[in-house]
Amino acid sequence: MTPNPVTPLLDVRNLSVSAGTDEGEAKILDRVNLALMPGSIHGVVGESGCGKSTLMRAILGILPQRGRATEGHILLGGRDLLKLSAAVLQSEVRGGQIGFIPQDPYQAFNPVFRVGTQLLETSRSKTGSGRADIIALLKSVQLPDAESALDRYPHQFSGGQRQRLLIAAALASSPAIVVADEPTTALDVTTQLQILKVLRGLAEERGLSMLFVTHDFGVVAQLCDTVTVMYAGQTVESGPVAHVLAAPLHPYTRMLLACHPDRGAELAGIPGAVPSPLRAPSGCRFHPRCPSARSECRAAHPPRTEHADKQNVQCVLYAADVMA
Amino acid sequence: MTPTRPLLEIEDLVTLFGGDKRLLGKPRPVVRGVDGVSLTLKAGEALGLVGESGCGKTTLAKTILGLIRETSGAVRLEGQVVSHLPPRAARIARHTIQYVHQDPGAALDPWWSIGQALDEALRIHRATDQGERRRRVDDMLRAVGLDPTFRTRYPHELSGGQLRRVGLARILVLNPRIVILDEPTAGLDLSVQATVLGVLDDLRKRLGLTYLFVSHDLSVVKRMCERVAIMYLGRIVEIGSVEQIFAKPQHPYTRALLAAIPRLEPGSLHDTPALPGEPSSGPVVTTGCGFRPRCPFAVSTCAEARPPLVSLNGEHMAACVRLHDIDTVA
Numbered sequence: 046m047t048p049n050p051v052t053p054l055l056d057v058r059n060l061s062v063s064a065g066t067d068e069g070e071a072k073i074l075d076r077v078n079l080a081l082m083p084g085s086i087h088g089v090v091g092e093s094g095c096g097k098s099t100l101m102r103a104i105l106g107i108l109p110q111r112g113r114a115t116e117g118h119i120l121l122g123g124r125d126l127l128k129l130s131a132a133v134l135q136s137e138v139r140g141g142q143i144g145f146i147p148q149d150p151y152q153a154f155n156p157v158f159r160v161g162t163q164l165l166e167t168s169r170s171k172t173g174s175g176r177a178d179i180i181a182l183l184k185s186v187q188l189p190d191a192e193s194a195l196d197r198y199p200h201q202f203s204g205g206q207r208q209r210l211l212i213a214a215a216l217a218s219s220p221a222i223v224v225a226d227e228p229t230t231a232l233d234v235t236t237q238l239q240i241l242k243v244l245r246g247l248a249e250e251r252g253l254s255m256l257f258v259t260h261d262f263g264v265v266a267q268l269c270d271t272v273t274v275m276y277a278g279q280t281v282e283s284g285p286v287a288h289v290l291a292a293p294l295h296p297y298t299r300m301l302l303a304c305h306p307d308r309g310a311e312l313a314g315i316p317g318a319v320p321s322p323l324r325a326p327s328g329c330r331f332h333p334r335c336p337s338a339r340s341e342c343r344a345a346h347p348p349r350t351e352h353a354d355k356q357n358v359q360c361v362l363y364a365a366d367v368m369a
Numbered sequence: 002m003t004p005t006r007p008l009l010e011i012e013d014l015v016t017l018f019g020g021d022k023r024l025l026g027k028p029r030p031v032v033r034g035v036d037g038v039s040l041t042l043k044a045g046e047a048l049g050l051v052g053e054s055g056c057g058k059t060t061l062a063k064t065i066l067g068l069i070r071e072t073s074g075a076v077r078l079e080g081q082v083v084s085h086l087p088p089r090a091a092r093i094a095r096h097t098i099q100y101v102h103q104d105p106g107a108a109l110d111p112w113w114s115i116g117q118a119l120d121e122a123l124r125i126h127r128a129t130d131q132g133e134r135r136r137r138v139d140d141m142l143r144a145v146g147l148d149p150t151f152r153t154r155y156p157h158e159l160s161g162g163q164l165r166r167v168g169l170a171r172i173l174v175l176n177p178r179i180v181i182l183d184e185p186t187a188g189l190d191l192s193v194q195a196t197v198l199g200v201l202d203d204l205r206k207r208l209g210l211t212y213l214f215v216s217h218d219l220s221v222v223k224r225m226c227e228r229v230a231i232m233y234l235g236r237i238v239e240i241g242s243v244e245q246i247f248a249k250p251q252h253p254y255t256r257a258l259l260a261a262i263p264r265l266e267p268g269s270l271h272d273t274p275a276l277p278g279e280p281s282s283g284p285v286v287t288t289g290c291g292f293r294p295r296c297p298f299a300v301s302t303c304a305e306a307r308p309p310l311v312s313l314n315g316e317h318m319a320a321c322v323r324l325h326d327i328d329t330v331a
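Protein chains in written order, with my numbering: chain A, 46 to 369; chain B, 2 to 331.
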């Protein structure tokens, strides 16, 4: 394969995060890799407990107090975010270089302040963008009555409208990347469709680069260009969405896709449960639930191997056909 | 009971909220929670009730259960009229209808073991013999696929999927005939959801239960139910067999709802038109079709009167004035 001339905007390399708990050290992320290319939407997909929220928190520099990154790098525009001080993260990165769209639009606002007060508070302190800029953004996310929106209170907006407000707030500082945490999970499907269209439109018209965390492969299929599949704190597979959907390589990706109502008429599940990071299995953490598990799966998590067209997988089944 | 007689019949059920007088000023505005719903449940079937937040599906479920008092209309259970009773009498008359809460984790007392929680349900419903109660608790734990040793465990020790099973066991100890399941898979991962749905399906067949399956997730309803009713702003806009609704949705709202489900097809976002607005936005529609403000096919006649449900093909019915010419327009 020829090396890609474009370097990733956000490059997470071998990131491990551990947290001290009363019951011992829990390795929540185990050498996670992820690359977000400029102008694309990258999905991070996995079930509860797969570490997608921890990954997002590590990128934003808001890991819980007991959590810390033990190895690896998070490179944003060539700078390692893990080496920056809390003050720099606060003043430059969060709400500056990285915009954030939260999961629950109902809890993201303080009910007693006007929406404008809350949206302008952050954008003024970071970039000095004013009312007019925000209103222009509100129009670009197709919020009805954008001119008067800033003078209203949160309860006067529906869930979908609040999510549009939050998307506009995330864009206010002209961030290099936007991190979105399941922004449509709390919404109904017809509203979800509207929001997904808004996000896709922003990616295409403004060249927005976004990391989109979700548990729904259907949303990834519709919205994202590339995807990383996570399981129990490890990255198992990544690549262009079309390839991963058409020919999933890792047994976990295959089983997860088989659970989707679009695939297979049977009610398929995955036997067993996602392990707690305190008692994570050795080697590939999926091996106790994997139908293709071998003895060497217990020994070590296999290295990443690249297959046709940038589809990467970490599984012994493919360790033999490594492309040099 | 003759085999043709439905287990549960609901006729023109209306549940209104508000309208009461305040000390000063105008009375509270009336909100039409359930706005003239007619439904039947046949013994042993699973009927899906689908709609988005605020469409009144939970209000309808709770009205059927007797937890919310109906404003007008009739509810007949096994041929007996059980509507327009005082609240307590209504629940007693409808004790064969039971309700599984959306989040059983929140419905269970964290200080009570699973055994105590299940036992309480039996005590409330006047099962006096302790040994008998214990036997029924164990039976039901086994029926939902949990070991009887779960009796001594506490809610926080259980996973989301296990809590759903406990929630189910808690109402099954009461021998219900009709089970109303409110979003039984909300918040569960797909891989766990599949096993919970498997348990539900198995129990229905083994215990001869009848399900009213309240959900906003059409793909779940497609797998679990024989029939499905689509609700919008307190009314049923379309009802029919799962095959009919999914293969040939007729009402514009049903079409939009089905199209909005994310499919595993990259790039399908561009081909799917989004509905404008949201159900709760704008003024409350009191005349005509409630879907009119968002409907891409709305014409002036839609504002004149509420379209009734008309039969299209057997049990497939839809409430829209343009049923016959939408396909030519679309």
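For the record, the hints were derived by calculation from the structure and aren't laboratory data.
All values derive from a computational prediction rather than experimental measurement.
Glycine residues also receive a C-beta, built at the ideal position from the N, C-alpha and C atoms.
Among the clues, some could well be false.
Claimed, not checked - Here are the computed lysine-lysine pairs in the DSS-like style, where the Cα-Cα straight-line distance is at most 30 Å: (1) Lys249(B) <-> Lys242(A); (2) Lys249(B) <-> Lys223(B); (3) Lys242(A) <-> Lys223(B).
To be verified - Output of the computed footprint for chain A on chain B, the stretches with three or more beta carbons under 8 Å from beta carbons of chain A: (4) 190-203; (5) 262-270.
Stated by the list, open to error - Heads up, incomplete: computed chain A residues facing chain B, CB under 10 Å, no partners named: (6) Ser93; (7) Gly141; (8) Ala221; (9) Ala292; (10) Arg308; (11) Pro316.
Each hint, compared with the structure:
1. With a C-alpha separation of about 25 Å, the suggested pair Lys249(B) and Lys242(A) falls inside the 30 Å cut-off, and the hint holds.
2. Taking the CA atoms of Lys249(B) and Lys223(B), the gap is about 13 Å. The hint holds against a cut of 30 Å.
3. Restraint check for Lys242(A) and Lys223(B): the C-alpha separation of about 26 Å stays at or below 30 Å, so the hint holds.
4. Using a Cβ-Cβ cut-off of 8 Å, 10 residues of the stretch 190-203 of chain B lie near chain A, which meets the minimum of three, so the contact claim holds.
5. Counting residues of the stretch 262-270 of chain B whose C-beta lies closer than 8 Å to any C-beta of chain A gives 9; at least three are required, and the coverage claim holds.
6. Evaluation of the Ser93(A) hint against chain B yields a held restraint, the C-beta minimum of about 5 Å falling below 10 Å.
7. At about 29 Å, the closest approach between the beta carbon of Gly141(A) and any beta carbon in chain B exceeds 10 Å, and the interface hint on this residue is violated.
8. The criterion of a C-beta within 10 Å of any C-beta in chain B is not met by Ala221(A), whose closest approach is roughly 24 Å, and the hint is violated.
9. At about 13 Å, the closest approach between the beta carbon of Ala292(A) and any beta carbon in chain B exceeds 10 Å, and the interface hint on this residue is violated.
10. Taking 10 Å as the C-beta cut-off, the interface hint given for Arg308(A) holds, the closest approach to chain B being about 7 Å.
11. Taking 10 Å as the C-beta contact cut-off toward chain B, the hint placing Pro316(A) at the interface holds, the least distance being around 8 Å.
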